[in-house]
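Novice: Now for the letters of each chain:
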Amino acid sequence: MRLRPRLVIALAAPGALVALAAAGMLLLPSPERALGREDADRGRGAHRQLPPAVDPWQAPVEPTVWDIAYDRFETIGCADGLPSERVTCVVAEGDDLFVGTDAGLAVRRAGVWTVTDGDDGLAHRYVTAVARDARTDTTWVATLGGLSRVSGGAVHTFTQRDSGLSNDVVYDVAVDDDLVWCATAAGACVLDTRSGSWTLYDHENSIMHEPWCYSIAIGPQRAWIGVWGGGIVEQDRRSGRWREYRDPDGEMEIDLLADDGPIHDVTAFVAYDEGLLWQATYFGVSRYDGRRWKSFTAADSGLPGDFVTHVAARGDTCWIASDQGFAVLRGGTCTSYSRNADGTCATRVVTAGTEETATTLASAPADDYVLWIYPREDDVWIATGRGLTHGLTTPPEPSSPRRER
Amino acid sequence: MVRTPVLLLAAAVAGAVALGADLRAQESEANGNRQRYARTPDALVPYRRTGTPARRFFTEPPAFRGPGRTSTAPSGLRAVRLGVLAPLTGIDAAAGRNMVRGVRLALEEANASGGFGARALPFEMVVRDENASWGAAADAGVELLGEHGVWGLIGGYEDANTHVLARVLLKLEVPTINSAGVDPTLTEHNVPWLVRVRPDDRQAAYRLVRRVFEVDGCRRVVLFRANSRYGRTGTAEFRQAARRLHRPILLETRYEERESAWGARMERIRALEPDAVVLWGRPRATGAALRELRRAGIDCPAYGPDRAVGPGFVETAGAAAEGFVFAYPFDPDSDAPRWRGFRDTYQQRFGALPDPTAAYSYDAARLLVAATRRAGLNRVRIRDELFASSTVAGVAGAIQLDVTGNSVSPVILGHVEDGRLVFDD
Chain A
1 MRLRPRLVIA LAAPGALVAL AAAGMLLLPS PERALGREDA DRGRGAHRQL
51 PPAVDPWQAP VEPTVWDIAY DRFETIGCAD GLPSERVTCV VAEGDDLFVG
101 TDAGLAVRRA GVWTVTDGDD GLAHRYVTAV ARDARTDTTW VATLGGLSRV
151 SGGAVHTFTQ RDSGLSNDVV YDVAVDDDLV WCATAAGACV LDTRSGSWTL
201 YDHENSIMHE PWCYSIAIGP QRAWIGVWGG GIVEQDRRSG RWREYRDPDG
251 EMEIDLLADD GPIHDVTAFV AYDEGLLWQA TYFGVSRYDG RRWKSFTAAD
301 SGLPGDFVTH VAARGDTCWI ASDQGFAVLR GGTCTSYSRN ADGTCATRVV
351 TAGTEETATT LASAPADDYV LWIYPREDDV WIATGRGLTH GLTTPPEPSS
401 PRRER
Chain B
1 MVRTPVLLLA AAVAGAVALG ADLRAQESEA NGNRQRYART PDALVPYRRT
51 GTPARRFFTE PPAFRGPGRT STAPSGLRAV RLGVLAPLTG IDAAAGRNMV
101 RGVRLALEEA NASGGFGARA LPFEMVVRDE NASWGAAADA GVELLGEHGV
151 WGLIGGYEDA NTHVLARVLL KLEVPTINSA GVDPTLTEHN VPWLVRVRPD
201 DRQAAYRLVR RVFEVDGCRR VVLFRANSRY GRTGTAEFRQ AARRLHRPIL
251 LETRYEERES AWGARMERIR ALEPDAVVLW GRPRATGAAL RELRRAGIDC
301 PAYGPDRAVG PGFVETAGAA AEGFVFAYPF DPDSDAPRWR GFRDTYQQRF
351 GALPDPTAAY SYDAARLLVA ATRRAGLNRV RIRDELFASS TVAGVAGAIQ
401 LDVTGNSVSP VILGHVEDGR LVFDD
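So the protein sequences, as listed, match chains A and B.
Sequential numbering of the first sequence, starting at 1, is according to the working numbering.
Sequential numbering of the second sequence, starting at 1, is according to the working numbering.
In case anyone wonders, no lab produced these hints; they're calculated from the structure.
Some clues are possibly wrong.
Here are the simulated distance ranges between beta carbons [claimed, not checked]: (1) D96/A with P122/B: 44 to 54 Å; (2) G250/A with G312/B: 29 to 39 Å; (3) R119/B with A358/A: 49 to 59 Å; (4) R48/B with D300/A: 21 to 31 Å; (5) D300/A with G263/B: 35 to 45 Å; (6) G68/B with T359/A: 26 to 36 Å; (7) T333/A with R119/B: 53 to 63 Å; (8) R238/A with D275/B: 43 to 53 Å.
For each residue, glycine too, the CB sits at the ideal point set by N, CA and C.
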C-alpha cells in the first residue's frame, strides 16, 4: 500500500508534524474526502482501453542526464521566413520546425518555410500551442479561434460550434497516441481520433472547481491539467479518478510554507517527464515527485524572473521560460540566460540560492520575453517576443559520454 | 466562586476591545500604508499567529516586460475603438445595460471635448455580450481585438467571465478595466493588463464583519448564500474573517436562484438559534431568502453585500427587508458636487438614476480615455498609464488602487428603512 504523502512526512519527521499541525495543514481533508467519493469519481468512464497500471512517480533506475550549457545563440526572424516576430510556441523534429506565431503557423522543412494562417483555413492566426503526431505526420494547432489539424497539406478546423471542443480559445494541445487533449478557456476536452468522439471535463464533471484550463501534461497512466486558479488537477486514466493539487494555505497573496504544495493556484503551464511534474506560475516554479513539493523563485533559486509562462521537462531537468530570460534548472542548480543591452548574454549559475559563476556570452536570445521553450539533446529552441532563437552547445568531448535519450 | 464569571467577563471585554482596535486598523492602513495587502485589518491577516509567510506576493505592481512600447498606430484610423464586455442577456442584463450607459456617457463627453489627438478622432465603443455562449468572454475578447482593433476594454460583470477574459488579455495584450466585478481573486494572478475600479467583496466582508461582530456583538452567525460561484467567492472572505476572529460560522447553507423548497433549510437555521444571518446572492433570490427567514420566525438581524440590494430585492422581500443591513461602495444620496453633477447628467441622458455599476463604468471609460490620450495609440503604453496611478478621481469619490491595480476604497453601510435604501456613513 502506498502511503499518502502527508502521512509519510508525519512518520519521517515528528518535528515537521508539529509545524504542520500548527499551520493547520493536517486538519485539511484530502481533496477526495473534501468532495466526497461521488464527486471524486465523476468523469470516470472515459478512455478505458489503457495499458496496465504503472506508477508515474517511479523515477527511472538510470535517469536521463541533461547536463547542458549553451554557448551561442542564433535568431530567426521575419527576414528568414517567419510571418511575425512574436513567436508563441515551437516544436522541433530533426531539422524540421513547427512554429506558432501571432500571425499563423510557420513550418520549416528542408530549409523551406511554409506559412498557414486564417486564409488557409487555420482556426485563427494567433497560435497558442503546437503538438505533433509524428506517426501520421500530423500537426495539431491550438489557436485563439479553435483547434486545427494540419495533415497532408490539408487543414481541418474544430470549433465549439461544430465539434466537442469546449471553447474556441484553446491554450494548449497534447497528443497521446490516438487521443488529442485540449486545454481551453472553458474546460478541457479529449478528441479520440479513432472514433471522432469528444470527452469534456469542467467544474461540473471533474474535480476542478474552475473550468479555466491552461495546459496539459501527459504521463504514464496520468494526465495533468494546469488550471488557472485551480492549481493542477490529475486524472488517473485507468480509473478515471481525479486528484487536485493546490497551495494548501488557501491564500493567493502568500505562500505560507515554502514547499508544502504548488507555489500558487494560478497555473500557467504543466510539464511531466520521468517521475517529475513541473508547474509554471506567474510567481515561480514548483516541482512534484509524487511525495514532495519543491518551489523555486528568482529570490531563492536564481530563476531569471518569477513570471514563468512555460516549462519543458526532460529527465530530471526543467527548462523555464520567463519574462526576464530563460533558465535550466537541474537539482538545486539553476543556470539562467538573459540578454544584455549590448546584445551579449549574461549567464548566471546559482546553486542552492548562492551564485557560483556569472559569465557573458557573445550572442544572446532575441529577447528576454520568452513564451515557449523546446529543449533537445544538444540545442534548445526559444520562442520570444522578438523572434525564434536557437540555443546551441559545444558538442561534448569524446571522453565525457552522456547517456542518450 | 464569584471570581470565575468576573474573570470571564473581564476577558470578554478585553477581547472585544482588542478586536475593535484590530478591525479599526483598517482605516489607518487606508492612508498611505500600501504594504498591507488589500487593507486587511490586523485581526484578519491570514496566518498572523503562525509566523511570517515563506513568500509574499503582490508587493509590486505587475510588470509587462514584453516588446511593443515603440510600435506605432496604423495609419488611416477613423475612430479610436474601445471594447465593452457586458451581460446583455440573462439574469444580469439590467446591470449590463447600466455598464453600457456609463461608458456611452463618458465617451460622448470625451468626444465633445475633442476626441483623440490632433485629428479629433472620435472614441467609439464596440459592445459584446459576455453571456452569448459558454466561455463567450474569451471569444469576445479575441473578436474585439482581432476584428475591431480595440485599444482597451471595459468589462465584464460576472466574475467567471472576467477571469476568462483576463487569461485572453495576457495573450492579446489589451489594457482592460473592470468596473463591475466583485470577486476578490479577480486581480490576484499577476496579469499586468487588468485594473479594477470598484471595491470588491473582500472590502464588503471586512466592513460587514466589523458591524456584525464588533458593533452588533453577534456570536452565532449563519451564512446563507446563493448556490453559485458568486455566492461561493463572495462569502469566502467573510467566512475566513469570522474564523480568524474566533467566531466561526455556525452553518453555511445555500439557496438556488429560483428556490422553492425552503422548509428544510429554515428548520436547520432556526434550530441553531442564530443571532445574525448573512445573506449573499443576487437581489431577487436574496430577497426571497430573507422573506422566507422571516416567515419561518427567524427574526435576527440580517446582513449582505451591495449586489443583494439591487433592483428587485425590496420588492421580493417585502416587509421582511426592513432593517436589512448592507455594504455599499458609496453613498448614492450624497450631495457632493461631482456625484450630483454625474447623477443629474446621467438621469437627463437615460431617464434613470445611475447605480454603482453605471458610475464605475463611467469612471472606467474616463480613465481609459485619459490613459489613451496620454500614452497615444499604443496598448502597452496605455497599460503603463493605467498602472501608474494609485488614486483615481471617480464620480463618487477617490478610487484607491493597490499594487495589483485593484480598488481598495473603503465601503460604507446602509440599511433598509420604510422600503428604501438608507445610507448610514
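Novice: With respect to the beta-carbon atoms only, verify the hint that R238/A and D275/B lie 43 to 53 Å apart.
Specialist: 51 Å, holds
Novice: Please check whether R119/B and A358/A have a Cβ separation lying inside 49 to 59 Å.
Specialist: The hinted range 49 to 59 Å holds for R119/B and A358/A, with Cβ atoms some 51 Å apart.
Novice: May I ask you to test the hint 44 to 54 Å on the CB atoms belonging to D96/A and P122/B?
Specialist: 49 Å, holds
Novice: Okay, T333/A versus R119/B on CB: inside 53 to 63 Å?
Specialist: Distance hint for T333/A, R119/B holds at roughly 56 Å.
Novice: Just tell me: holds or violated, for the beta carbon distance of G250/A and G312/B against 29 to 39 Å?
Specialist: 34 Å, holds
Novice: Indicate whether the distance between the beta carbons of G68/B and T359/A respects the range 26 to 36 Å.
Specialist: This hint holds: roughly 30 Å between Cβ atoms.
Novice: Lying within 35 to 45 Å: is that true of the beta-carbon distance D300/A to G263/B?
Specialist: Given about 55 Å between the Cβ atoms, the range is violated.
Novice: Kindly confirm whether 21 to 31 Å is satisfied by the beta carbon distance between R48/B and D300/A.
Specialist: 23 Å, holds
Hint 5 from the list above is the single one not met by this structure.
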